[in-house]
Amino acid sequence: EAMFWTAEYLLHSATIMCERCEEVCGVKPESLEELQAECARDMGNYYSTRLKFLRTCAQHPGFGETVWRGERKPPASGKDKSEGSRLKFVCSADAAKGE
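Residue numbers (the working numbering): 1 to 99.
Hints in this document: simulated from the structure, not taken from any laboratory. One should not assume that every hint holds.
What the hints assert, rightly or not - Pairwise CB distance ranges, derived in the manner of DEER restraints:
1. 6 <-> 93: 36 to 42 Å
2. 48 <-> 93: 38 to 44 Å
3. 91 <-> 26: 22 to 28 Å
4. 94 <-> 60: 21 to 27 Å
5. 48 <-> 85: 16 to 22 Å
6. 86 <-> 44: 40 to 46 Å
7. 28 <-> 52: 46 to 52 Å
8. 58 <-> 22: 39 to 45 Å
Just so you know, even glycine gets a beta-carbon here, dropped at the ideal spot from N, CA and C.
All chains, please: the whole structure from these sequences, using the hints.
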């Protein structure tokens with residue numbers, strides 16, 4: 001449930017690090033302005049997504065919570081019954097031996 005807070009914290013931290021880079025490191029990287037612009041863009045995208053999600057939750061409370069919790073699953077159809085797949089953890093040396 002803390003996904004939004006974590007993302008906001010990380011983006012805010014990145015912005016602060018950009019602002020204090022020269023003070024802390026003693027050097028100003030060439031691409032600092034570009035990095036600051038990327039942080040601002042990502043923060044804008046973050047807030048836009050957050051607002052869209054909150055609007056969905058306000059308009060459709062049950063649906064928003066279901067999507068947030070990841071419990072929304074496609075309807076089961078009897079036609080496509082897949083048996084799944086099987087993982088094998090065999091390294092190339094074992095495969096050469098025939099195991």
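- For this structure, which hints from the list above don't hold up? 2, 3, 4, 5, 7
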